[in-house]
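S.K.: Listed below are the residues making up each chain.
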Amino acid sequence: MYYREAGRLVSSFAKDRRMLPLVQDRFIATLFIVVVMYGVVTMIASDYWFSAILIPMMVLAIATLGLNIATGYTGQLSLGTAGFMCFGAFAAFNLLLRIDWMIIPLAFFLAGVIAGIVGVFFGLPSLRIKGFYLIVSTLAAQFFAEWVFNAYPWFLDYNSSGVANLPPHHYRVFPFQNMTPLNDAFWHTYQGRYLITLTVTLLLAIACKNMVRSSTGRNWMAVRDMDIAANVIGISVAKTKLMAFFISTFYCGVAGAMYCYCYIGNIDFMIFNLRRSFLVMFMVIVGGLGSILGSFLGAIFVYGWPILITRLGDAIFGGGTLDTAFVENNSKIVVGTIIIVLLIREPGGFAALWNTTKQKLRAWPFTK
Amino acid sequence: MAFFIEVLVGGLLSGVMYSLVAIGFVLIYKSSGVFNFAQGTMLLLAALTFVSLTERQVNFWVAFTITLVLMIVLGIIVERTVMRPLANQSLLSLFMATVGLNYFLEGLAQGVWDSAVHGLELGISNDPIFLIDEAPWLGLDIIISQFDIAAAVIAGMMILGLSLFFQYTRTGLSLRAVSDDHMAAMAVGIPLNRIWAIVWAVTGVICLIAGLLWGDRVSVSFTLTAAVLKGLPVILIGGLTSIPGAIVGGLIIGASEKLGEIYLAEFFGGQGIEHWWAYTTALIFLMIRPTGIFGEKEIERV
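Read top to bottom, the protein sequences are chains R and Z.
Residues 1 to 368, numbered by my numbering, are exactly what the first sequence covers, in order.
Residues 1001 to 1302, numbered by my numbering, are exactly what the second sequence covers, in order.
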């Protein structure tokens, strides 16, 4: 690497515990976020890049982060991710639909809280049921979500088609925004949605980073490694598990709300099916269990692979040669193989690969 | 009352179909501690291969044999490439490996064959027969199809065979030892790899049988993988380690699903509760017995 930890002197505990201890890291991160993500990308990216690549990747990364909190950090297997996303999406939709002064930041937050409460409810059995038996509870949540929003059309504002459009006047990001140039119409564009997604993603990722390096996260990991031992050293297992379920489903709920508001632009319970839950789980495994960086890498890879294959096919064989069935089957085979190979070779996923690479670069060229 | 019994019997018989899927699950879990999520896709792969062969004018028994051999070979390959390198790993990584395998096989099955819907006719008559013809003490007829009876007989035979195998053979004993503790089993000289290869091959065969019966019932297509979702609550109720549990769980889920659909759906504003009702039933049972009805209690030490 071009810079090292050597010579880093700290004069207080606060400085020692910083999220990014190296001044170069802080500089690069700030530069990347402010100049690249908020600056250059916002200015030059096309609608295709916003709508098909950047926004969905960030939204799915948040869902992956949510599942990672439950499964990767706390060891509670959950197959209901898409169901919790569904609760979040419908909560946000109904809040913005029915309350005149509701703004998007508050709606997303409350959507997360509502999904979190649902998550705690379905997480309650985890206090008694352990291991694989627990998947019954999260699967119940998944199927219940798919059913409840179908059976009660009130949630969809009585749209008979099963899909509701999200009109521009739902995109109220701050009060009285229509008096400024940043009005409803701006936030309804992909550029506006990208800015919303980016901000929420950053906030949630930083919050997660801080949680996992504080006592909250250490309790999660203690319960994951062995809940009886955790109990013996004085950690309240019940509180820790329910807390993990709440935070995890909070993230999923916000991701669901963003999935509808920022990515697809309408709301529909059909998309939050079990397959999506599994897709998020693949992102967790491929990226790395118990890693924030991994959540992002996993989401980027699993979501990006089919797009990459389609694009490559178009570039090599001419446009539209590869049919969607081929691409779908191909990405299933590739992702499946990668999951198995990673579990055997590198159970830490892409995040662990990245860390090994970093370690090797640090010592290069003096050792191999 | 008569109606209630008819619904109940219908439910119990559909429960037998769930048990068919559940047996494969239990077999692998009991013998290796692996929660094999790829079960549904193995079912699909077997049924799809069989159907595609018969559609190409291959004789029924030839197609059956080819698929049988394929499933056995697949089982052995899975053991070699996936399970063996992961021996002694945490149960969660083993589960996730099967989820990856599931995805891989899904792509492979549909990539090699196709994703169209195929009809499958096994030649078992679906005609209804009277199980009880105007029973005087109940005042009703109970009508069931021959197909359901055939499925129940096949499931019963498989369960009987497997129970005897686990209880009374040397291999069965080794399998139970392996499921208890990989390391300890290896330490006393049980050939883990050979044992696992046998189990995965047998599971492949069970998948073929279940796949054909399910395929005849609901036609062979991608939706067949949903069978795994019907099998899950069944094994969880029965207990992951119990073969009789798979059949009891299947009967409970089947009955509760049908009864719930008839008697409870109206309280929930309409149709379609069966998807989550089975899981709610399972949850209720698990809250009372956290490791299922027949599951082994785990003793945990720090």
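Hints may contain errors.
Pair by pair, the computed Cβ-Cβ distance ranges are [unchecked claim]:
(1) Z:A1265 / R:D47: 52 to 60 angstroms
(2) R:L22 / Z:I1076: 47 to 55 angstroms
(3) Z:N1059 / R:V237: 58 to 66 angstroms
(4) Z:N1059 / R:D323: 49 to 57 angstroms
(5) R:L308 / Z:R1080: 25 to 33 angstroms
Just so you know, these hints were derived from the structure itself, not from any lab.
By construction, the Cβ of each residue, glycine as well, lies at the ideal position given by its N, Cα and C atoms.
S.K.: Taking the earlier hints as the rules, which of them does this structure contradict?
M.R.: 1, 4
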